[in-house]
Amino acid sequence: MLVATNVHKTFFPGSVNEKKALQGVDLTLNDGDFATVIGSNGAGKSTFLNAVAGVFPIDAGKIEIDGVDITKMPEHVRARYIGRVFQDPMKGTAAGMMIEENLAMAARRGKRPGLKWSSNSDQTEKFQKLLAELELGLENRMTAHVGLLSGGQRQAVTLLMATLVRPQLLLLDEHTAALDPKTAEKVLRLTEKIVTGEKLTTLMITHNMRDALRYGNRLLMMHEGRIVVDVSGEEKKSLSVPDLLKLFEKNAGTVSDATLLSS
Amino acid sequence: MIDLLIPTVAQGLLWALMAIGVYLTFRVLDVADLSVEGTFPLGAAVAATALSAGWGITAAFVLATIAGALGGVVTGLLTTKLKIPALLAGILTMIGLYSVNLHVMGKANVSLLRVDTVFTFFTDSLGMTDDMAALVVGLIAVVSVGLILYWFFGTELGTSLRATGFNPQMARAQGINTDTMVVLGLLISNALVALTGAFVAQSNGFADVGMGVGTIVIGLASVIIGEVLFGSRSFKNCLISVILGSIVYRLVIAVVLQMGMPPNDLKLFTAVLVAIALSLPLIRSKIAERKARA
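One line per chain: the protein sequences are A and B, in this order. Residue numbering for the first sequence is 208 to 470, as defined by my numbering. Residue numbering for the second sequence is 272 to 565, as defined by my numbering.
Derived by calculation from the structure, the hints in this document are not laboratory data. Keep in mind that a hint or two might mislead.
What the hints assert, rightly or not - If you want the ones that stay clear, here's a sample from chain B, every Cβ over 10 Å from chain A, calculated:
{"hint": "1", "residue": "SER323"}
{"hint": "2", "residue": "ILE362"}
{"hint": "3", "residue": "LEU373"}
{"hint": "4", "residue": "MET376"}
{"hint": "5", "residue": "ASP387"}
{"hint": "6", "residue": "GLY398"}
{"hint": "7", "residue": "ILE411"}
{"hint": "8", "residue": "LEU428"}
{"hint": "9", "residue": "ARG433"}
{"hint": "10", "residue": "MET441"}
{"hint": "11", "residue": "ILE447"}
{"hint": "12", "residue": "ASP479"}
{"hint": "13", "residue": "MET530"}
{"hint": "14", "residue": "LEU539"}
{"hint": "15", "residue": "PRO552"}
Claimed, not checked - Heads up, simulated BS3-like pairs for lysine-lysine below, C-alpha to C-alpha not over 30 Å straight-line:
{"hint": "16", "chain 1": "B", "residue 1": "LYS352", "chain 2": "A", "residue 2": "LYS279"}
{"hint": "17", "chain 1": "B", "residue 1": "LYS352", "chain 2": "A", "residue 2": "LYS318"}
{"hint": "18", "chain 1": "A", "residue 1": "LYS406", "chain 2": "A", "residue 2": "LYS318"}
{"hint": "19", "chain 1": "B", "residue 1": "LYS352", "chain 2": "A", "residue 2": "LYS298"}
Here the structure is a predicted model, which is why all the values come from computation and not from measurement. Every residue gets a Cβ at the ideal spot worked out from N, C-alpha and C, and that includes glycine.
Could you put the whole structure together from the sequences, leaning on the hints where they help?
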């Protein structure tokens, strides 16, 4: 469960480049909520996710996960509660290390690394089973360097890494944006399978309105650093893409080209 | 020429420890660490001073290693806590250590002429020749350090360190304290470099405050030559390549000096060698391009 209260963040305050990225974001995500987040460029979607993940400190407000106030925690300490998949397939894994090594690290997320040997046969067997479920043939390439994998395969591995230790919150930042449509589809189906199967509380940013409607039980629209639309359940199911476009225009005044062209 | 082979290989082995230290920061952590120019003579100074004062060989090595580790920690804290860019942080440490080294030795150099060193242990007690002693010491040092490092970088901590070098953002997302990893990496690297300084001081018979100049280039030369000639497919492969690269570098230097190059030109030669080795991938692809077009 995520509770964000009055989150503010301004970049380069007082200078010519000042950008008020978050201007009072209030959000309560209940356990098991799978919320998609849409909004025009610069609306603050990625900034909000990064603020929750702890990439930078916020100027004002509070962020709590399952009752724990994480507002002042550094990024690597918050990682105990949060699983993340980045937009750039290169960012979620260590390219020069083997798949097995990456997964071993993910299995230790939140725990202090000690002097025990990183790999062991029980763990490797478990990884093989999980990789086989991805249906990408990766279970036979566990000693391959991640850098050899395609973007879609890397995102799938990153997704697996983010959920290997059950995260209290899963943050997906346009994680299929850099993939071709067919692979994006595959990764999204995989995402849905994992999120609904494990009942993970999830925030997924997407520019694709169809995906925003199709996945998840809740839809959030951000504009100029605030959440302006929040629909869930039946109301969300009844929305269509043209409805969303109307909502966009009503709340944002414009619709970005990326959003128009991807729906 | 052949009688130069053993001492040259021995030198290559001893200096390989420093090359491994440079490899750990330059390649694994992806940080350009110039503190080695200060921690190398620091190790030499501490060891030579300890030996001259009669504290024994073990104490000399242990103290030298700890001193180097501390030097690495200083650079690490400067860059992680004070956010000084790593390159500058290393330079600051290197400069500061010049004065520290003078304090440690009390003067600009310390002679080990009539002092027991790890080498005299092998020559006097075990009756080996100087060359054999150097080779044996070099082999023992490199094999033990190599095994320890190979084990360490397969542990959870070592894997976290490597991940920090490859992708710090991802490492943090997996809960790794990347600041701590950077400091740890610099600690280990400089400890190795200072240990090398301790060996080299005993091998040369003296420690001098200026003996650190050019350390980083010698280290880089060994790393790059090793990668180009022996590959860099896995961590184990890289460790072996660096050690072999250090030996090859010393062999090349020995040959070139035998052929009559003035010793003063050694550093220029090394710099040119590293420049060529670094541009080999580019040269190779240009040759391939020409062939394809023809």
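Status of the hints after comparison with the structure:
no., hint, in the structure
1, SER323, "holds (36 Å)"
2, ILE362, "holds (27 Å)"
3, LEU373, "holds (37 Å)"
4, MET376, "holds (36 Å)"
5, ASP387, "holds (35 Å)"
6, GLY398, "holds (40 Å)"
7, ILE411, "holds (24 Å)"
8, LEU428, "violated (5 Å)"
9, ARG433, "violated (6 Å)"
10, MET441, "violated (6 Å)"
11, ILE447, "violated (6 Å)"
12, ASP479, "holds (37 Å)"
13, MET530, "holds (39 Å)"
14, LEU539, "holds (33 Å)"
15, PRO552, "holds (17 Å)"
16, B/LYS352 to A/LYS279, "holds (17 Å)"
17, B/LYS352 to A/LYS318, "holds (23 Å)"
18, A/LYS406 to A/LYS318, "holds (23 Å)"
19, B/LYS352 to A/LYS298, "holds (24 Å)"
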